[in-house]
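Colleague: Start from the sequences and build out the full structure, keeping to the hints where you can.
Number of protein chains: 2
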Amino acid sequence: MKKEIKVFAPASVTNVSCGFDILGFAIDFPGDELKLKIKDKPGVSISKITGDNGRLPIDPLKNTAGVSLISMVEHIGFNKGIDIEIHKKIALGSGLGSSATSAVASVFALNEILERPLSRKELLPFALEGEKLTCGGTPHADNVSACLMGGFIIVRSIDPLDVIPINVSANLYCTILHPHLEINTADTRKILRNNILLADATKQWGNVAGLVAGLMSGDYDLIGRSLHDVIIEPIRGMLIPGFNEIKNAAINSGALGCSISGSGPSVFAFSKTKPAAKNVGDTMKKVLSQMDIDADIYISKINKQGPKVIK
Amino acid sequence: MKKEIKVFAPASVTNVSCGFDILGFAIDFPGDELKLKIKDKPGVSISKITGDNGRLPIDPLKNTAGVSLISMVEHIGFNKGIDIEIHKKIALGSGLGSSATSAVASVFALNEILERPLSRKELLPFALEGEKLTCGGTPHADNVSACLMGGFIIVRSIDPLDVIPINVSANLYCTILHPHLEINTADTRKILRNNILLADATKQWGNVAGLVAGLMSGDYDLIGRSLHDVIIEPIRGMLIPGFNEIKNAAINSGALGCSISGSGPSVFAFSKTKPAAKNVGDTMKKVLSQMDIDADIYISKINKQGPKVIK
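Residue numbers (our numbering), protein chains in the order written: chain D, 76 to 386; chain U, 76 to 386.
Just so you know, these hints were derived from the structure itself, not from any lab. Check each hint, because a few of them may be wrong.
It does not matter which identical chain is meant; a pair holds if it fits inside one copy or across any two.
As the list claims (entries may be wrong) - Capping the alpha-carbon separation at 25 Å, the derived lysine to any residue pairs in SDA-like fashion look like this:
1) Lys114 - Pro240
2) Lys196 - Asp294
3) Lys196 - His303
4) Lys379 - Pro200
5) Lys379 - Ser244
6) Lys196 - Asp296
Modeller: Right, dumping it as structure tokens:
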């Protein structure tokens, strides 16, 4: 058995427009890096975290990666010790699944160094244990599933957990706009209404059906027509400065569709080519710069691989 | 141009479990037959209706087939006369799209006798004009679309109309149980709640996503797991005597899933083989016979052809 491993786990986009809580996909970049070392003395420790401006707890019981690892260690009965270093490249509270990515990286790293006793699907529950920390007790499986499985996924059900990879025929390029603002996931949930109109819900599941069919059949027009969220986006969009202008700019510059990534403030858009995706990014960023808000742009295909060993 | 044509149009199942108002499919049997004759004197007339026990209006302005034909005649500027005979084989108010089928049969027949000036999608709006009569002004496109296009369809949006055929890989057999009871579509809509829980809606669109993915990828287990309706079926099921027992009987005898067809009282179930579908039908019918309710059973694959010329 190796004594040390370094892994990369990708960021993910969830709440994909009409697919609130049930659709997600991984992107190539950004992603977190995690180094895992086997020690003789039992126990899980975190020796270092970079890229978080000192904000993430080093106490493994309070850290998503630590909690995930501990639940996996207990399950498999691993009797040695583990130390991890977490190198955050995904901004906290960006809407790109930052906490889920670290949780996935930790259990993926342990599984790899142990030469894969578990399948990726079997790792899901442990990564979800960590994710519970950030969601205030309610586990959301979309970011963790997309990051761990790679590609586009459906979370059909959370209890019992049922995650389905979608075989995407469309060759999509994703533009991510990450404004330098932070939104707390728990707050963005509180502002949602518990009750919605049946008529709106029916529109939403019509679009969900269209989006899944479009992705699987490679029908770009259908994907574009289906990327409409009449329930969540109108509310959460209000928390993102200039959201409507950003979205209009993306669509007018050729994007197939555009919506909020996770609970924001990041915004994603789909395009058919890489140059188109870059152009969409430039246009979206311009809207924010006119409001004196800085932003990062990431251009990526859908990441089909999920986490990977880098050393 | 021929002077006379006879066509068959299939019954259809809509509100497919989780897919309220957006999913539908055609079945091979039963279906309505319609004879259309070209006359010299302009105008649309209905000379005969059979199989309706005298309940359908012979006045073309009050009959779904008549209204559909008139709107098509006006659109294409047809300057001769048309007379139709309608032979109903689908029971009225059965939940199998009886009115939609007659509407489709009429416009399909005229289009065929005129050697197809319009595509099937272009015929949709005319058939929908007729369907408006039965829905109290609110057009529902699911039965009409499934009957006219054949196969499994998504009605992504009603305004603008966007109907998408699903390329179904799964080889499904459908069992229809038609209890000899009648339910009025308008009434079954009134009992639905206008407001629903976001949490329930999220479950529903998770299942819709799973069902579309399962149908397209041919994943029978996924189809079965996704055939759950937490919003409409619990309410409408109460209007069908013994519905819960019928559904349990179907599932326990091997059906992948079971739910209400349209707004009932017919019930559909999916199976993987024809013998399984027959067995499911026998079991469902037995539940009703214990309540002294007669029922018809139809076993059919998904009808991919839609309406056809029979003479």
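Colleague: Confirm or reject each hint.
Modeller: Evaluated hints:
1. Lys114 - Pro240: Neither way: lysine 114 and proline 240 sit 35 Å apart in one copy and 57 Å across, limit 25 Å.
2. Lys196 - Asp294: So lysine 196 and aspartate 294 pass the 25 Å test across copies only (18 Å; inside, 29 Å).
3. Lys196 - His303: between (30 Å within a copy, 23 Å between copies)
4. Lys379 - Pro200: Result: close within a single copy only, 20 Å intra versus 41 Å inter.
5. Lys379 - Ser244: both (12 Å within a copy, 23 Å between copies)
6. Lys196 - Asp296: Close across copies (17 Å), not inside one copy (32 Å); limit 25 Å.
Figure legend: structure checked against the earlier numbered hints; the only hint not met is number 1.
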